[in-house]
Every structure is written in structure tokens, then in C-alpha cells.
Amino acid sequence: MTCSLLDCGTVEERDFEMSDFEGTVARWCPGCGDHAVLSSVQRLLADERLPPEQTVFVSGIGCSSRFPHYLNTYGFHGIHGRALPLATGMKLVRPDLHTFVVMGDGDCCSIGAAHWVHAIRYNVDMVVILLDNNIYGLTKKQTSPTTPQGFGTNTQPRGSYLPALDPLSVTLGVTNASFVAQTADWAPGHLYETLRAAYRHRGFSFVRVLQRCPVWTLSIFRTAVQQPQMTELLLHEDGIGDDGTSQLYKNHLSHDPADLDRARALARAGDRVRLGLFFHDPTRPRYDALRALPVHTAEERIATLNEELDRYAV
Amino acid sequence: MPSDPRADAAARALAAPWERFHSALAEAVEEVRSYLRSHAAPNGRDDTGGRAALGPFADGRIDAARFAALVEREEVTDADTLARMTRAFEALSALAARADGPLRIDVPPGGDLRACVERALTEVGRALGAARVAQLSRSGRYDDAAHRDLLRGIPFVAWGVGERNLAPPLVVSIDGADLRASDLAVFLDGAMKIVLVVRGPSPPAPLARLTTPGTYVLQTSDVAELAGLAAAPGPGLAALVPEDAARFRHDPSAGITLAERLTVTHVPSATPRHALGGSSVLQQTEDLRQLAELAAAAARPTAAVCAPAETAAVASGHAEAEPIASDPAGRLAAWLLQQAELPGPG
Amino acid sequence: MSTRSPVSVTDASAPGAIRVREHAVEVVSDSGEGAQKCGQFFGAISAKLGNGVWTVEIIPAEIQPPARTPSGASGVRIRIGSGAVTNWGDHADLVVAFNEQVLLARHRCDALAPGAIVLIESMWAEHHDERIRAQWQAAMTELASGGYRIVPVPMEQECLEIVDNARRGKNMFVLGLLAAIYDRDLDRVRAQIELGFEKKSEAIRAANIQLMERGAAWAREHLGLRVEIETVASDHDLVVMNGNQALGMGAIAAGFDFCAMYPITPATSVSHYLADVFDTVGGTLHQAEDEIAAIGAAIGASYAGKVAFTVTSGPGLALKTEFIGLAVMTEVPLVIVNVQRGGPSTGLPTKVEQSDLLAAMFGQPGDVPKVVMAPATIEECFHCMVTARRIAETFRCVVVILSDANLATGVQPFPRPQLDVEWQARRPDLSPVSERARPFDWDDRTGLSRRIIPGQPGGMHTLTGLIHDEDSKVSYAPGVNERACSMRSRKMAVLQQTLEPPRVHGAETGRLLIVGWGSTRGAIEEAVDRAREEGLAVSALHMRFLSPLEPGLKDIFRRFDQVLTVEINYSDKPDDPFVTDENRRRGQLCFVLRAQTLVDVDCWTRVPGEPLRPGRILTEIRSRIGEGVER
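Chains as they are written, first to last, in this note's numbering: chain A, 1 to 314; chain C, 315 to 660; chain D, 661 to 1291.
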């Protein structure tokens, strides 16, 4: 709700533990990267002391989209590709709700691509987590837009025909992008710090999580997981906080997240996996802030409408 | 009394903080109204409300009584709670309906500024008390012994952090002769904004003493400058003074050094010669001296005067972190003097 | 003024005064010449004087169709009467045409009454371009069959006395002509121009008033024609607006404060209206990136505690299908306003049709029970929003409102709504809920359950489009789906049990009952009234609730020999090739009534891309039960 006088007189401070946010037991496959993301999210909610009733996770369809079921917050497990419109409408009328959107690569980058592009531009305050495992997992291995070229699937068994779509480049290419980061399920410290930075950004915080699917795409991520030297960390004083990840990943690249052109250059696919904050601009206009309107009592609304009816009076 | 155009302009300038308060108030009115609609016992109430809620389109098309009987599964609350919620609703909607802009106060000549402001805030306090009662009641935490007095209103000293941060702005018209601004120090907390519209001759720098680190202070004759006050996150006080009075602005969010925060655009050259109401010549002179010293300190080219850590936090907008001092005006005037005497790091 | 036209061109000063109970006038021009504004003003002035008025726009499909072409005809029909006027009538009695090509368009679709008076811009007859002169000649030849009384008017020449660009001034000149012909008080006309151009400069208002005055003076000097229609001042305060404005204003009256939409003809003007005023009452109009996102945002807002609505038309409704299923499955309240146009596909974007009834009722895969209702008048467009929101909120269901292009662009005065605080939406209660509270605590009898929304401590759950139990937990256990389906369906039965049987217009028994829905009510009831005056035993029944259907239909149908739906949607004619009683595709309401009542309901439906004309319905009534009755 818009701030109500009823809520400002009685304030209670509450502390939470990770267990306060646990929903039903996660039923992703053993070894699925989503488990790590879930843990990081639960830790974030506890650390940031987000009341479970004030927190909403919205998702689409796919493995990723079961996410809300495994949290003890409010959740809306919607339809394929359409989590962002739901979250946008929700946030426009309820700025008080902490809003998280969880999507998969098919969900966000394929069937929901139109909403993705426009939601970036709206820059409504929400944390958007793209769990990118490069495949349609739930429906058993079909090519997704982010499937690497040449990787065989059940719909393109002789290998994916086209170069993979790069979600970071797309996001960075959209007017009014304000927060774009990449992290990986196998770098839990970095994952947590990224989510925290995303949560603290007021605007559309887009986090692409490279996420292993133990059943279908383990091989795609094997090099990145097993050879830390193939990973490059983007570091900067305005970037993602470091909790020791930089000890493991020794390739460091200083990147000022205010530099959009360089962010776009760095996002381009190469041999190396780049983790970190690509772009951050807290000053971008936010549609939800621009459209926040004062509340009126029923009597005031009626008075206004009566004036309006005067204009149409015979 | 014809309304002072400067007071009208000040009210317009404070539209944003007023809107915040009024939105929260309107939201509360509607929440309590909705509670009352859905918690009244269906049997004890005629179906006029139910019929009306379906609108004229339903006339002759929907049987409102059957509709109510079949579909209303609303919760029934005890009579005491309903009566209490009704009183809360009345208090909230009374304030919502009364004011169509920042609360306006006219201090009659010779009147007591502090008492007038207190009276206006008491009226707001009645709505705050009603809001607390409504919230406690609907969440089942109401305890008659502890909370009975809330409906009578909450005096400003008892307002909580959230309430102070939402305080509605005030526009106070007052004779220069009655202006004892230090009386207002106690109210400058949370996000309270007060604009004094000074009638007649004014002491030259009545607000100088209130220039405390977390408070936005403005003395001006230009209404347009009030925009800065309206946008300030913390507490603020402005006086619309005659042209011959001092003009300055202290903006806590403009930086951490006094030089960054304080802008003095005019200090009267004439020495005060007449006592003005309760403001003696000595006091007026002292106010001016204080302002002049502040200005001098701020103007030193290398005057990178750092505020103490505690006040820096206040300046960055977390005004609620600051404790209410027993005599904030005196304490901070001392601090400012101390700042003014600091030599520039050389 | 002389022309070498092959048809008789009436001497401008010849016709005298006529006294009528009603008259229909059309103003047609090229797109952009402002005929619609002229007509709207004239309609509003007439309403203020106490005439019954129905105004309907004649809209070309393109924004700037080529000038001087029949396909570009743009304009307005204003039907005024001494009593209430509920529809656009049959034919225009007086037409003001800005060129002969747009007049041809109206002639070709049989819009003019035989012998109608036509005031036409005279400049084309003597135009320097030989081609245009030839077109004029050809048009006059074609028009001869109508027997119209054609009066050339030097509009261009007259307007150039006042403005440099006559193209932008003729409409007010014509308003002056009409004011003189229909004897409208010029002070009222001036006031209307001031109001209608309130956002324009003083100079523009003054020029428009001068143009109007010149038109009135010209008519007084050159035209003997006067049409007298008695005006009866109303006892009620009246307001006058079109159906889309009424929907938008009704939404505010109903306390809606979130509307998400995507532009689509002919629904868009609802959002134009809201864009103007919604902010001032704290309402948000969200223009989403597409139709799907629009309904998605509306569902998101409703999920968060509001009752939101979306506004669309046929192609948009098609796109919203999957989300409608989600709203029904998760029992998120939602109101969908569908301003119907001709279909399928892009169809007839600016034209009226009632072809979305079945799509609204059954358009989603799976079992998707929802409420469908249809306002029949512009006043009902306003008030139905209150009822729709209340039903959606109470039943946690989707309500579809079926308006159409006829209501959207029709303008009619109606009693000023007496706004009531009770109409406004309730704020969601964010109080904590008990440990035992369940997101779908269905009442076994009614299927109703209490809504729990984000922000309520203790109520945390995840809504899902998957099949779920009372706790919103996904469950494939036997019986769960059966129970959830029955709970959602039960709500429709419960709502139906609160509905009153519809009232018959005319006698309670008879030979023929005409059943209609939506915007056709005025035309149907006028036809029935005229038939009853001829002694025919016909009555009418108009449905507001289509899903669930209003009760008592079978009893009512039994009292008539024949039951016939009249609708603006497609049906096979019984005598079409290959069409048999078994394979005949019937009108959409007819289909529903037959299925629900097992009565052998027949249908008479047309899809002309224009509102139904009462005269055509009357002809059909006569052909069914009026054998031997001569007129």
C-alpha cells in the first residue's frame, strides 16, 4: 500500500533467520545450480531483514519458476514468459512490497522477450534474476536462445544452428537499463554479494546467474567451473563487494560500472566468463517513481468526479 | 481576515510534504472505512449499503438481500471494537476533510507562537491517536487499559519516529514582534516543516539561533526559495521576512562543511536600535553577530570545516537518528560558534 | 448559383417549415475537416435544449484517407427527437456534405431517406479541374435515384471571408446552418463553441464563433427550410457523453485505481479519457507494451490488493486468453472491458459487431467460468463498472464487460449519476491472518473464499496456475482438480441465484419475442414499439448478464410462439446453399440460449458494419408475424 497513517505509529523491529524464509523442500534435481541461488536469496532476505509478508517472488514457467514455492514469502507462479508484467503491475500499486522476479532463459529471453525489453526500460524497482542454464530443462532438453551454437538438443539434435543470444548485451542495449550484473551458481560468495547489490539498487536490477543443469548442460559450464583461470572478475570500488571470491578467481579486471560503452564491450562473448557488475546508474528515471500518485479519500474522489460531471452536464 | 498572498504561496510551495501526509491520512481513512464495511454484523445492518455497493446497474437485476445472504462471509467484530473503529474513522476523516493544504495558523498580534503551533499539532495528534487505535484494534493488539487515551490525541512530544517523519507542514502567519523562533526548536524533528510568514517589522535574524546541523533553515523574502525547504528530507524552518532582514539558507544536504551548507546572501548593515516585542536590542544584535560569524567562517576560502561525525549522519538525511536535545537551540548555537572560531587549516 | 447537374437542384429558398417529432441529420466530410466536431456540438446543444439525442460517428478506417473519395467519408449522424432517442434510426433526413464523393458513400450504403434534403458544398461543380467537374457530374447522375432535394451551398467562399484556410472552418459554418434550420438559440451555440474549444486560444474561439454566425446568417438569408422539433426540458439533471467516456468515468465512480491497456480501436478512447483525469483521483493508467502485458499488469495489481481492469477489443481479447485463464485459476479479481468491433482478425476496426460473446464466455482452453455482462445504453456503460467491480471483488472472479463500437462512439444524454461513497472499492485489509487461514478456504456450498493479499502477516503462500488445493499447494492427487473446478464453477451458480429475471418490454405473452443484448436495445425496442402500434403481438427481452444467464428465461420463452434473437454477428440464413437446420451456424446469443434452455430459438443477425436500423428489424418482425398487415 501507499504509506498509511495506520502503519507509522506502531513500528516493530524484527530479526529473521534463513529458516524464516524456507518454504516447501526444493524439488530441483540434486546438483542443480538453483539450490545455491535459493540459499543465497534466503540469506539475503534474512540479512536485509525483509519481512516475509512484505516480500513477493514472481516467476514464470520452468525449473527456475518453481522458486517461489520454496520460499516462505508471498509468491506468484504465473505463466510462461509473463512474470515481468505481473510484477510491474504489482509494484506500481504496491511500492511497499519487496519484489523479486525469477525467470529462466526460455522464460525471459524467448517467450517473454518483449516484456524483458520493456521492463528494462520501465526501470521499475525490482530484483530480476535470470537463471540461465542454456536449455529448456523441465520439458527435457530443447534448444533455448542461450544454448551454445552446435550444442545438440532434442529439437536441434545436430546442434543448435545459431550463435547463442547474449542476455547481457541485450539488457545493456536497452534504453534506460540501470543495473546489469552477472554471477554464477558455483561462486556462492559472489552470488550473494551480487544479489545484495541488486537488492540495494532502486530500479530494475538485472542479474544473470550462470546456472548448471546437472542433467542436460553440465558440459557447457564444465570449463568455467573447473578452471578458475577462465573466469575474469570485474572489480571496482563501485562494483560488487568482494568476500574472498577474488582469491579463487585471480584474473581481475578493473571496470567502472558507470562506463556503459565498456560494459557493452565486456559483455560480448569470448573465451572467458566475466562475473561482476557490468553497469550501474542509480539516476535513471524509474517509471514506478514517476507514476506514484497521491492517495485521495472516497469523498475527495467523488468531489473530483462531480466536477468532471459538471463538464458533461446538459 | 483576508489571506496573506505570501501565506498562500508558502502553502503551495509545501504541496509535496503536505501531499505525503495527506496521502497517508487518506489511505488510513479508506482502510478504516473498509474495515467498518466488512466487519459490521450483517444481521444488525440494513442492506442499503450492500445495495448501494452494487450500483444502480444492479437495480432490478440483482437481489441485494439474496446477494448479501449468499456471498457475504465477512467477519463480525464485537460492538466495542466497532464503536472504537467508528470513532477512529471519524477522527481521521475529520482531519482529512478539514484541510485542503498545509495546516495554516494565524497567530493573533501578541499571541503565543508555541501555543498556537502546539494547538494545531494536537489536532493532527488526534488523527495519529486514531490511527494507532485502528491499527492496534484490527491487528488484535488493542489493550483498553494501555491504549484508552490514544483516541484523545497524542501530544507532539509523544509522537513516534514514523509519525514525526510524516508530520504535515505548517504555515504560520505571525507579527515580527511576536516572533520567538527558539520556541519552535522542540518541533524541529523528523520531517517537520514550518514556514513563518512574518507580518510587519521583523527582527533581523530571528532564525540564526536555530541553525542546527540537521535542520534546513531559511530566511528569505522570496517565496520561490521555499522549494528547497519542501524538498529537504529532514526538519526545516523558514521565515518569509521583510527585505531589510537578513537572508540566508542553511541546507544540511548541501555538504558536510559549513561552507557548503550555509549561504548568506544579505546581512543588514544597520544596527538594531529598537526592541521588537520580546526581542531586545541586545538579542537582535547577538543574532546578527552570530550570523555574521557563521558567514565569515563559511566564506573563508580554505574553510573545510568538518562537522562532527554524529552531525554528518544527520546531514545525510537520517534526521531521525538525532536525539531531541533538552535545549537544542542553545546547544547548537554553541556548536556553530565553535565552528566559526576554528581557524582554517592552513 | 447554377449547375448543369442532371438532377433537379432545388431552389435554395424554396422549402418551408416542417414540424416533426424527430429528425436525423448527417454531416459528412473528408477526414480532418471536422464534421464530427460539428455534429457533437449540435448534439450537445440539442440535448441541452431538451431534445432526445443519439449521436453516432461515421469513421473511416484510415487516419488520413485520400480526399474526395467515398472510402474517406468521415462524419456523424445526429438523431434528435422530442422524446427519448435510443438509437441512430434508419435514414438521414438532412445531410450536409462537404463534397459529392463523401455524399456518394452515404448514398451507396442507403443512409439517406428517399427525398432527403442535401446541403452540399457548391465549389466542386464549377471547379477549375476538369476531372473534378466530371466527378461531380457522375455523382449527380448516380444520386438521381434517391430523389434527394439537393441544395448547393458556397461554404468555401463564405468561410474565406473569415479565415484563410476554409478547410478548417467549414464545420463551424455548417454548425451555423444547422442552428438556423433547427432554430437553436445562438447564445447556446456560442457557449458550446467556447466550451468545446476551451483549450484553444481566444482568437480561435472568436473565429469559430464568427464562422458559425456567418453560417446561420447565410441560412436565414438563402434557405427557407426550417425544421421544428418540440423540446421538452428534462426534470433531471442530465449529462451527455459517449459510451467510452462513460466507461472511464464509471471506472472512477467505482473506485478503480488501476487500468492497464494497449491501444486498440475502438476501445482506446476509454484510456484517452482516463489519461486526462485518472491522475487527479490517484488512479494509474498504464499503457503496457502489448495486450498480454496489459492484462498481466492488471492481474499483478489485483493480486496486490486492487481490483484492476483492462480495456481492449477483439484482437486484444484473443491475445489475453492465457492470462484470463491464470486469473480464473488463481481467483484474482479482474474486470475486462471489451469494446467489440467487427472480426475475426483485424476485421472492421472502427465498426460495430457483437461477435465476441462466445469468445468471452468460452475463449480459453480448459474450463474457465467467468462473468460476462453487457451494458445496453451509454448510461449503463457508466453504471456497469460499479457492479462489475463489486462482483469481481466478491466472487474473486473475472468479469468481462461487452460494449461495442456503437456505444463507444454514440453520444446520448442521461440522468446525471448521483455518486455514492459505497460504490468505491474497499481497501484491502492488511491485518495479520491466523495460522489456519488458507488462500483458498472455499466454502463448500458457494465456492467463495476470502482473499489474502501480500502484506498480510501470516498469510504467505504462492499462487500458481497449476492445479492446487486450499493451501495453494500444487497437487495432482485424485479429486483435487475435480474439487477446484467445481468450486470455481459453483460461484457462477451462486451469482446466478442472486439475479432477477429480466423484464419483458411489451406484453408478457405474444406471437414473437425478440431477444437482444448490448447496444441493440434501442433499435430493437423502437422496432417492437412500432410493430405493436401496427397491432403485431411482439415483445422484446434484453439481457444484461450473459454468463451466468439471467434466470427465468424458459418461463418467459414459453409464453411466446416464437423466440428470435436479433444480433450484430454472423449467422447462416436458413435458406443459404447447403445450410440445414442441423448444420446451420446461428447467432451467438441464440447458440447460448438454445443450449441453456432447449427452446428452439431462432436468430436474425446481420454484420453490416453499422448499427442495426429499427426499420430493418421491423421488416423482419412483419415478415414473421405480420402477414396481411399492410402499411
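Please note: incorrect hints may appear among the correct ones.
As the list claims (entries may be wrong) - Only pairs whose alpha carbons sit at most 30 Å apart, straight line, appear in this in silico DSSO-like list of lysine-lysine:
| id | chain 1 | residue 1 | chain 2 | residue 2 |
| --- | --- | --- | --- | --- |
| 1 | D | K697 | A | K141 |
| 2 | D | K1233 | D | K1214 |
| 3 | D | K1133 | A | K140 |
| 4 | D | K697 | D | K860 |
| 5 | D | K1133 | D | K1233 |
Said to hold, decoys possible - Calculated Cβ distances over 12 Å to all of chain D for the following chain A residues:
| id | residue |
| --- | --- |
| 6 | R14 |
| 7 | D47 |
| 8 | P51 |
| 9 | P52 |
| 10 | V58 |
| 11 | G60 |
| 12 | I79 |
| 13 | R121 |
| 14 | Y122 |
| 15 | T139 |
| 16 | N154 |
| 17 | G173 |
| 18 | R264 |
| 19 | D310 |
| 20 | A313 |
Note that these hints are calculated values from the structure, not bench results.
For each residue, glycine too, the CB sits at the ideal point set by N, CA and C.
Do the hints match the structure? See the list:
1. D:K697 / A:K141: violated, 60 Å
2. D:K1233 / D:K1214: With a Cα-Cα distance of about 25 Å, the restraint between D:K1233 and D:K1214 holds, given a limit of 30 Å.
3. D:K1133 / A:K140: holds, 24 Å
4. D:K697 / D:K860: Status holds; Cα separation ~14 Å.
5. D:K1133 / D:K1233: violated, 51 Å
6. R14: violated, 10 Å
7. D47: holds, 19 Å
8. P51: With a cut-off of 12 Å, A:P51 comes too close to chain D, as the shortest Cβ separation is near 7 Å.
9. P52: violated, 5 Å
10. V58: violated, 8 Å
11. G60: Answer for A:G60: violated, closest chain D Cβ roughly 10 Å.
12. I79: violated, 5 Å
13. R121: With a cut-off of 12 Å, A:R121 comes too close to chain D, as the shortest Cβ separation is near 9 Å.
14. Y122: With a cut-off of 12 Å, A:Y122 comes too close to chain D, as the shortest Cβ separation is near 9 Å.
15. T139: holds, 15 Å
16. N154: holds, 23 Å
17. G173: Given that every Cβ of chain D is farther than 12 Å from that of A:G173, nearest at about 16 Å, it holds.
18. R264: holds, 23 Å
19. D310: The claim is violated: A:D310 sits with its nearest Cβ about 9 Å from chain D, within 12 Å.
20. A313: violated, 5 Å
In summary, the numbered hints that this structure violates are 1, 5, 6, 8, 9, 10, 11, 12, 13, 14, 19, 20.
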